[in-house]
Amino acid sequence: MADYIYLLENQLSPAQRTALSSIHDVLRSKGLTLFLTGGAVRDLTVGARVRDLDVTVQGNPLKLKKELEKAGAQIDGEREESQTLYLWFPGGIRVELSAASTVTFSKPGKPVYKPASILDDLRNRDFTANAMAISLNEGSYGLLMDPMNGVADIENRELRLISNYGFIEDPVRLLRGTRLGTRLGWQFEERTAQRYKTAKEEGYISALSPFWQGYELEQIAHEEEPLRALRALEAEGWMKHLFPAWGAAKVNSSALNEMQVRNGQLHELGILSDVAATQFPLLVAKLQPKDVNVLKKKFPRQGFVKRVDSLEARTRDFQNRFTAKEMAAPSATWKLVHATDPELVLSLYVNGKGAAIQNKFKGLLTEWPTAKQRIPYQLMQEMRITPDLPIYDELVDKLFFELMDNKLSTPEEMKAYLEPFSPPAPPPPITLRRPRKVKEGKTARARKKAAAAAETDAEPMSLPNEAGDVPVGSAPERDGGEPKPATKKPSKEKVAPAPAPAKKAAAPAKAAAPAKKAAAPAAKKAAPAKAAPAKKAVPAKKAAASAKKAVAKKAAPAKKAVPKKVVAKKAPAKKQPAKKAAPVKKAAPVKKAAAKKPAPKKPAKRR
1 MADYIYLLEN
11 QLSPAQRTAL
21 SSIHDVLRSK
31 GLTLFLTGGA
41 VRDLTVGARV
51 RDLDVTVQGN
61 PLKLKKELEK
71 AGAQIDGERE
81 ESQTLYLWFP
91 GGIRVELSAA
101 STVTFSKPGK
111 PVYKPASILD
121 DLRNRDFTAN
131 AMAISLNEGS
141 YGLLMDPMNG
151 VADIENRELR
161 LISNYGFIED
171 PVRLLRGTRL
181 GTRLGWQFEE
191 RTAQRYKTAK
201 EEGYISALSP
211 FWQGYELEQI
221 AHEEEPLRAL
231 RALEAEGWMK
241 HLFPAWGAAK
251 VNSSALNEMQ
261 VRNGQLHELG
271 ILSDVAATQF
281 PLLVAKLQPK
291 DVNVLKKKFP
301 RQGFVKRVDS
311 LEARTRDFQN
321 RFTAKEMAAP
331 SATWKLVHAT
341 DPELVLSLYV
351 NGKGAAIQNK
361 FKGLLTEWPT
371 AKQRIPYQLM
381 QEMRITPDLP
391 IYDELVDKLF
401 FELMDNKLST
411 PEEMKAYLEP
421 FSPPAPPPPI
431 TLRRPRKVKE
441 GKTARARKKA
451 AAAAETDAEP
461 MSLPNEAGDV
471 PVGSAPERDG
481 GEPKPATKKP
491 SKEKVAPAPA
501 PAKKAAAPAK
511 AAAPAKKAAA
521 PAAKKAAPAK
531 AAPAKKAVPA
541 KKAAASAKKA
551 VAKKAAPAKK
561 AVPKKVVAKK
571 APAKKQPAKK
581 AAPVKKAAPV
591 KKAAAKKPAP
601 KKPAKRR
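Going by the numbering used here, the sequence shown opens with residue 1, and the numbers climb by one from there.
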């Protein structure tokens, strides 16, 4: 379904989509459902260019002629028996609008039509490849209906009869099969080929009705390669039953080939013409005038005959406008050509005489289109002229015409031309979001915690002495009192520097004079002060050992909480050397030195 929606929107020409839209609006206003059927669906599936449109409606389209004419359609002909209208829309779009019906045959070539559903209509068609439909209605737009599995035969490039008696009931299928096989390059399916051979031998073509004779003759004129189709029909012997006076020998083949080449050149510019009216005079160029008139009267689309007869006069009128002074500028000629019926453009290109006309067509086909390559898309991007602007497409067209007329040649001129269309620069973006706080990683947080714990471990936690003026290691401490905390924070104190004062204090253990020097640093630094008196005693080795144990205990709980560092554990280690140092009487001067700076008072404020 989605694939056929894409094909409807992209493979049909703009003029064909406009024609379908006009028909859709008229029929839906009357509450009728419509479907794209027949050769149009086959060509969409194959990927070929859609030549004409077959539309089937569940209702009678003959009652809608006035509404269709108001919508822009020109009625070329009608067939009341099958309730069919032959329409022509601007741009050379041919439409066959018919009612959905079933067909029965009382005799060969004598059909009887009855209204039916779309599926019954498809089951009564000629070949499976033509028995497909695409819905054009709301809710099911693009839905493919293929009750006879025509897609499989399209993939196999085969023409298969739906009914085993198809060639007997309606002999026009013999002609249609030959014409389609020649155009598409397909073959008959095996059983269909056998039935075709039998019908040809039995002469079923004799039952062909006059209407279908004229219909198939007109279809030759609408073929893209009519000479090839004419030769195939002539080779099969069908032209003797259609129109014996007409054959490949009556065609101006050289002029026809030249017309096809020029038509292909116009296709490159997007000018898609219905070549039938232009090539028909070439197809009957060597036919007698009276035979041409008889042939025209057989065509079911008499509107097509009128366009053929009036083509020469309409081409002269277009030639006068094409060569007027107002069309001197290339852009003016370009606009005129694309606004005119492609049928007239092709006719003038094929039949126009004079160097002025041919030079203009040469510029139209070769020189003027190169102006598109000089459109400064990069400069437009720098000037903020982007495709999302409402005027972008219109501006590109204007720029294309200015370049075509050589009015803009330098980058400065282009920039000056584009400046009025350049939108103002957008204001700088305003950031309303607050800057996000940078989160610390796990390793950074771990380092901070470790540093805080190390500082806490390095700080000695000691209780104040009962006598504020008694230094550490004095009598109150020996009597069981607790030492006071240090006066300053040992911020730079580490575990390793502890043995350094021990060496200095160990030497003067025999003399009492250096004791004052050892006491002074004891007041300033708490941790060495505790170890100093212990090393003045005789058992200095034991005091050093106890000091090392105390230091080891401090380093162990570095990562633990502060309350676990109980001072009571340190006191017993210092009491043992204190008892042994009792006989030393030279420690008295330490009291005088310590009395000058009572250390314990400042840590009391911290508590």
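Keep in mind that the hints are not guaranteed to be accurate.
[As the list claims (entries may be wrong)] Label-pair distances were calculated between CB atoms; the ranges are:
#, residue 1, residue 2, range
1, A328, E80, 24 to 32 Å
2, G264, E312, 17 to 25 Å
3, K398, S140, 37 to 45 Å
4, K449, P387, 41 to 49 Å
5, I430, P387, 34 to 42 Å
6, G72, T410, 39 to 47 Å
7, Y417, N359, 25 to 33 Å
8, E326, A285, 34 to 42 Å
Think of the hints as simulated: they come from the structure by calculation, not from any bench. Since we're looking at a predicted model, the values are computed, not measured. Glycine included, C-beta positions come from ideal geometry on N, C-alpha and C.
(message) Is 34 to 42 Å respected by the C-beta to C-beta distance linking E326 and A285?
(response) Distance hint for E326, A285 holds at roughly 35 Å.
(request) State, for the Cβ atoms of G72 and T410, whether the hinted interval 39 to 47 Å holds or is violated. (result) Between G72 and T410, where Cβ atoms are some 45 Å apart, the hint holds.
(message) Within 17 to 25 Å: is that where the Cβ-Cβ distance between G264 and E312 falls?
(response) Cβ of G264 to Cβ of E312: about 23 Å, so the range 17 to 25 Å holds.
(request) For the range 34 to 42 Å, tell me whether the beta carbons of I430 and P387 fit it or not. (result) With Cβ atoms ~27 Å apart, the hint is violated.
(message) The hint says 25 to 33 Å between Y417 and N359; measuring C-beta to C-beta, is that right?
(response) holds, 28 Å
(request) Mind checking the hinted window 24 to 32 Å against the Cβ distance between A328 and E80? (result) violated, 52 Å
(request) Determine whether the Cβ-Cβ distance between K398 and S140 falls within the hinted range of 37 to 45 Å. (result) Given range 37 to 45 Å: holds, Cβ gap about 41 Å.
(request) Hint says 41 to 49 Å; check whether the CB-CB distance for K449 and P387 agrees. (result) violated, 59 Å
In terms of the numbered hints stated before, the structure departs from hints 1, 4 and 5, listed from lowest to highest.
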